[in-house]
Amino acid sequence: MRAPFAILALILLAALIGPWLIDWRYDAIDWDAVRAAPLSPGHMLGTDSVGRDLLARTLIGTRVTLGVALAAALVSLVIGVGWGAIAGWKGGRTDEAMMRIVDALYALPFMFVVILLMVLFGRSILLVFLGIGAVEWLTMARVVRGQMLALRERPFVIAAEAAGTPPVAIVLRHMLPNIAGVAIAYLLLTIPQVVMIESFLSFLGLGVQEPMTSLGILLKDGVDDMDLAPHAMLLPAIVLVALLLCLTRIGERLRDRFVG
Amino acid sequence: MLELIRRRLLTALPTLAAVIILSFLLMRLAPGGPFDGERPLDPQTREALMTAYGLNEPLHVQVGTYIWRLLHGDFGPSLVYRDFTVTDLIARGLPVSLTLGALALILALLLGLLAGMVAAARPGSRTDRSLMLFATLLTALPSFVVGPLLVLLLGLWAGWLPVSGWGDGDVPHLVLPVVALALPTAGAIAKLARAGLAQVLAQDHVRMARARGLGWRRIVLVHALRPALVPVASYLGPASAGLLTGAVVIETVFALPGLGRYFVQGALNRDYPLVMGVVTLYAGLIILFNLLADLAYGWLDPRTRG
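Protein chains in written order, with this note's numbering: chain A, 1 to 260; chain B, 1 to 306.
If we strip away everything but chain A, and leave its shape as in the complex, we get (with noise of 0.2 angstroms):
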């Protein structure tokens, strides 16, 4: 367990003080120094084709990419958590209904259904995130509603009922705080799901758009410069891989200790 945290903590401060400790931006272009090796002068780990440093870009990319996922993830918090709740505490007619439609949706091409929305709406750094959180949310909503079920049946949301506690009191006030440890778990376990999804998409130049940069970007553009700077790909990878490996470590950790 701490090895992920460590890894995880180091990422993300540097991610969000990095930038202000180095000399270049992530868009400045130093003309003298294009494609440098790493451990140049001036450019500790190098720069690419166009002379950008890459430090600073891996840093700003890394920082884009969390946030979109931070985002993204809590928007499929907000939808799932909704959608479970309302499921779990109608039950019968209500709850198959609105369980169909989850079920509908996993059988669906998500990735698809956010390019398309890509597509049409343009490509804004907004939409990236909203998309997929609203294609994102499905495992929230069961799981929530699992535990919604569960919960209908303790003598405590009983008793309140008996009390005439008015539903939307009993579900906020009584249920929800019961289930925020699954609910966290599992946030943690979407936030790779999404990093993922935004690399994908601005991998293939479908999510956040130049200037501003993220992993995905960085891996793109070192993709394409893989022959002559193979270490502008090598970074952005190595710092994508180990992200997801933490949080995937550390969500299903917290998973195996809530749901047990």
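Where hints are given, some of them may not hold.
Selected chain A positions facing chain B (Cβ under 10 angstroms, derived; list incomplete) [to be verified]:
(1) 113
(2) 168
(3) 230
(4) 236
(5) 244
In short, the hints are calculated from the structure, not lab data.
All C-beta atoms, glycine included, are put in the ideal place defined by N, C-alpha and C.
Put chain B on the given structure of chain A with help from the hints.
Chain B in isolation, oriented as in the chain A frame:
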């Protein structure tokens, strides 16, 4: 079995219809059209184009016409590849994508099952732990990372395999894309197979077989493998969806003339009919694969046939 198929189709077909109608409506809601270029067209030409493509009809008529044509295998004209219909483009790209996907699925199953069996043979051993760590690593490595890494190592630095292109679909050109596409799925399958096998191997009928003096290989292959494959089978639906998605990136990385390439180009160029056609096709394929996975499930575990 037939009953299962019927029940599945009953939910699958409305889903497919909903996808088609929803994406069609979304498409019409979107700002900007296919004829909005850098230079505005003169109104008359624009009007003529709109009429030619049927964009002036009321919405429900457009949806109806679209579905009617789909049922006849006509996905409409591509707006960007001027001389091609979407059906032409799909017919060109689909064989490439299906070859890629099928080979990757087979490879992933082979590698995953093999690793799962080896790992489950000695639970908790060093082999088990290192194999499973490797499997976790593979599942965390998206194919758009694995692909370029393989190209760099085996293509550019070692020079053993061609870096990109389809060739004539010959083996050297296929190796890297298929491996890159298969690895993440192989990791997931290895984990599922190991978990399934470990569970089955602890059951009474396996202990019985062992007591009768059967060899380990026979126990696994004859008695344990089939029930242990149930979790793997239930993963086949999502796996095929993942392979389809992964193929989009792999085709871009390796410059393969598959469906995913046309899809990405279509998406970048706002080629509505092309994007819609491919999304519809992908939705259909994924629903089909889920159905097949359900059937495999029923075959593996007779209790679920119901």
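Hint by hint, here is what the structure shows:
no., hint, verdict
1, 113, "holds (7 angstroms)"
2, 168, "violated (30 angstroms)"
3, 230, "holds (6 angstroms)"
4, 236, "holds (9 angstroms)"
5, 244, "holds (5 angstroms)"
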